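Asker: Listed below, chain by chain, are the residues.
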Amino acid sequence: MQPDARKIATSTEIPARELDVAAIKADFPVLNQKVNGFPLVYLDSAASSQKPREVVNAILEHYRYNHSNIHRGLHTLAERSTQAYERTRTHMASFLGGVEPQEVIFTSGTTESLNLVAYAWGDLNVHEGDEIVITEMEHHANIVPWYQLAQRKKAILKTIPITVCGHLDLSNIDTIITPRTKVVALCHMSNVLGTINPVAEIAEIAHKRGAIFVVDGAQSTPHTAVNVRELGADFFAFSSHKMLGPTGVGVLYGRRELLEEMPPFLTGGEMIREVRFDKVTWNELPHKFEAGTPNIAGVIAFDAALCYLEKLGMHNVHHHEMELTRYAFGRLAELPGLEIQGPQVVEQRGGAISFTDPIIHPHDIGTFLDSRGVAIRAGHHCAQPLMRVMGKVATARASFYVYNDKQDIDVLVESLKDMRKYFGV
Amino acid sequence: MSSQLDDMYREVILDHYHSPRGKKPLVKANVLSDGTNPACGDQISMSAQIDDGILTDVHVDCKGCAISIASGSMLAESVKGRPYHEVLKLAEQVKKMLKGEADPELPAEWEDIEALKGVRNFPVRVKCALLAWVALIEGLKGYEPGAPGGKSTVTSDEDL
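Note that the protein sequences, when read in sequence, are chains A and B. Under my numbering, the first residue of the first sequence is numbered 71, with each subsequent residue one higher. Under my numbering, the first residue of the second sequence is numbered 488, with each subsequent residue one higher.
Next up, chain B with everything else stripped away, as it sits in the complex (with noise of 0.2 Å):
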């Protein structure tokens, strides 16, 4: 099997795949953002709860390929409970990592994100590993804290 291939889909990735993290729905949410991939249908649907500027839960629901799905799953599993200020620039580094603008040096629990830079052998698939970053990065933007949530949307190809 072509070494590609399996540096892209890394067991973690395949785990992540098979059992996404941050499926279950929010209460309540002061950030809702939804991301597609036009070009290959992928969509993901994000929203959050920052509280007292710590995001506090974040619920992704991604419908597409191994990789967004992934994807969207360890960024789930790895932004809650930190400053959300300080989540935005985590996520626009990785932004850069899956683009192979950078290799950044990351908090050591997020580890396994690292797995994701396996795309960048596969251009086309670029995108479907930032989709849900990109979502994140829109969401936060637009967050103001003390305003009620507005939604953003945004698609990974216009990203690129």
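Just chain A, with the same shape it has in the complex (with noise of 0.2 Å):
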């Protein structure tokens, strides 16, 4: 039952056009350094990725050229501003599969995204002894703020399991997703397990029982073409600085109806549209969420970033991790005893590989590979029930993204295998 999965499958059956790396990495200066005396191999892409020249020199040319705030001022560059600004939103609305530009709300990321949903749409629509369906594999990020919605309203948070091969178990589905069911929300992607999830199929039971469907997609925007409505998606949230964006940027796409009828979150300036002492009324959309000044030069340089990877193509940046996946799980084989979570299948997971050694904990895996300028995660991931579930306190994990060849999945393997040795294993 995952028919995300098969989606994907099929694809992938377009022909990809093979990602030139080693172009790709010229255009990240990071890269090309080495740290504690070896050439760094960056394989932790899913906490956050590395930035190309582009988005590095679109803000500098921001802040030299054309910095202003935006929105309210009367000169030309008060105007540069806002038109490159509101750019971004254009195209991130086409980049999301055609959604109008007016549901693309700028956030300082994930977190602020889902926060915004939990508090203005939850506070107006979830009341006592309603319930609120997240998963068990969550980030906490999409965990806490139903928590807490949940304790404001007394509603009840309830999760969908996970099965032993890291998918969502839907076997119960429909005594979990009930018509008292307000919100269900889940990742796209996992952010440990790498799992891709059937989100189509799950927004279809959630819309059955009168449900919004909320999806967290950090960790599968900057990896795979997205499109919010197909997947049927009533407010989907994702981050900038994953996707070759500056930190401190990120996307709330909400359906235009919700949006209209939510209250603002945050308040203050920009969002409102006339302030009286016994009446305020609030602006428009976009704008009614998007209080105080945002991260104007963040939201610039992010248009880069999308503007690089459709150069790149989303299809072949899916295509190329998934390659990139498949030998990586035939290298990592030959290290006995290693443990890879979530799906075995590489058709059904993403790029974020989370493996743990039997005996060296992960944070020795972390700073030995660390010593041969090797960086990936390690610890729980924010994602605290989740390694309950697995039975573990953390894992490694190594992630890719455009820049990442097979010659980084060889460093990172040998190094493992001199990790052992070093710590006579």
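One should not assume that every hint holds.
[Stated by the list, open to error] List of simulated lysine-lysine pairs, DSSO-like, C-alpha gap at most 27 Å:
1) Lys604/B with Lys491/A
2) Lys576/B with Lys462/A
3) Lys462/A with Lys515/B
4) Lys491/A with Lys550/B
5) Lys638/B with Lys487/A
6) Lys638/B with Lys462/A
7) Lys104/A with Lys604/B
Just so you know, the hints here were simulated from the structure itself, not pulled from any lab data. Keep in mind that this is a model prediction, so the values were computed, not measured.
Quick one: dock chain against chain with the hints and give me the complex.
Answerer: If you want it as structure tokens, here you go:
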């Protein structure tokens, strides 16, 4: 029961253009350095990606030539800044499969996007005894806002369990998503397991029960073409910094009807139409949800990241990472006992590979690999409930992006072999 | 191989990691202390027996990385047979040493513990080495002679 995986499997039948990784690497000056005496191998893009020269230059250029506050100045720089900022919004609307620009809200990141929904939509629509459904594989950012909402409203927080293979267990979904369910919120791709969830299928179930469907797309949007309408998402949240863009910028896509009825989340400047001491009227979409001065340079430079990804082609990006993941699975198998979490079938997952060594702790793995210039993530990945379900305290995670190649994986595997020798296991 | 790495994973540390001391559970204990590092999932469970002011025995059960296991093992090996208030003072000094706040003179028999200093080059790993010591400190602080042992819990993150 993995229709999304099937869809992706089908899409791979369209021939993908191979990425010229050597040329791509050259676009990321940060990668061209030695760390602890070894060439840097950056395998931590699931935490945050590196930025191509185009994105760095866009930030410099904005501050060097064009900076002003947006949407209110009457001067030339204000106009330039406003236009560039809104250009990213229009671009994003098409990047997400052709939504309305007014449905694209800029936030500080996935976390703020999800909080916005939990507060602005949740406080209005969730009442005592209602149910909020998430899954066992969520990042804390898609748990805590819902937990807090449930606390505020005396609502019930329920979870869809996972199978031993790291898929969502949908066998009892009808008892989990019920007519009392108001919100179903889940990740498109797990940041720990790499699992790509059948979101469109779950969206259908949620909608049939009258619930809204919220998708945390932080891990999927950087790596695969996303069409939020086809996915059935009422809200779709993700971050710029995981997809070649600057930090401090995120997106919340929201269906217009829902955004229209919602009160603002943060309040202050920009989000109002008229303020009197006895009455305040809200600005129109999307400005109602963008209180205060946003990360202007960040949003503008995010456009350069979108252009870069589109130039490569999201289909090719996805294909490239599947190839790397397949290669990594093959090579990691050379290490006896190394346990890879999540789906073992490459078509059902993305290029974030969590693994554990039977003896060596993930933090020792992380420190050792760093001494070889290899950057990975080690820890609970902000998914403590999932770690508990998996029976792990932590994992090591290697994650791939457009600038990684098979050689990077070779370095990882050889370093892991050396690590075992070093620790004498 | 990077010398900083070798400086942290010294031979003596790897030795303690491979065969941790103090693994034997105590028959009786009047100090109980649990510690966790939520950020990395390290967990330590410690029990100790104090008789007439002397820390006579200690049991350390640590699930975690090489550094936290070695640190707990070194603790178990070094504190036995000393007056508990002296151990408390020494543990506070080890804590300062690990955090880079001081270079205290430790008893000659505690020479091995100085090997833990290597973590100071790895700021995120300092709390791994600290865990056992802050658990011990909290446990001893809560000890009241004659009173039945209470249980303390501590996270070394908070302590940092």
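Asker: It remains to establish, for every hint, whether it holds in the given structure.
Answerer: Hint check:
Pair hint Lys604/B plus Lys491/A holds up; C-alpha atoms about 23 Å apart against a cutoff of 27 Å. Between the alpha carbons of Lys576/B and Lys462/A the distance comes to roughly 35 Å, so the proposed pair goes past 27 Å and is violated. Between Lys462/A and Lys515/B the CA atoms are separated by roughly 31 Å; this puts the pair beyond 27 Å, and the hint is violated. Distance check on the hinted pair: Lys491/A and Lys550/B sit about 21 Å apart at the alpha-carbon level, within 27 Å; holds.
The straight-line distance between the Cα atoms of Lys638/B and Lys487/A is roughly 42 Å, outside the 27 Å bound, and the hint therefore fails. For the hint pairing Lys638/B with Lys462/A, the CA-to-CA distance comes to about 25 Å; that is within 27 Å, so the pair holds. Among the hinted pairs, Lys104/A with Lys604/B is consistent with the structure: their alpha-carbon atoms are about 26 Å apart, no more than 27 Å.
Checked against the numbered hints given earlier, the structure breaks hints 2, 3, 5 and satisfies all the rest.
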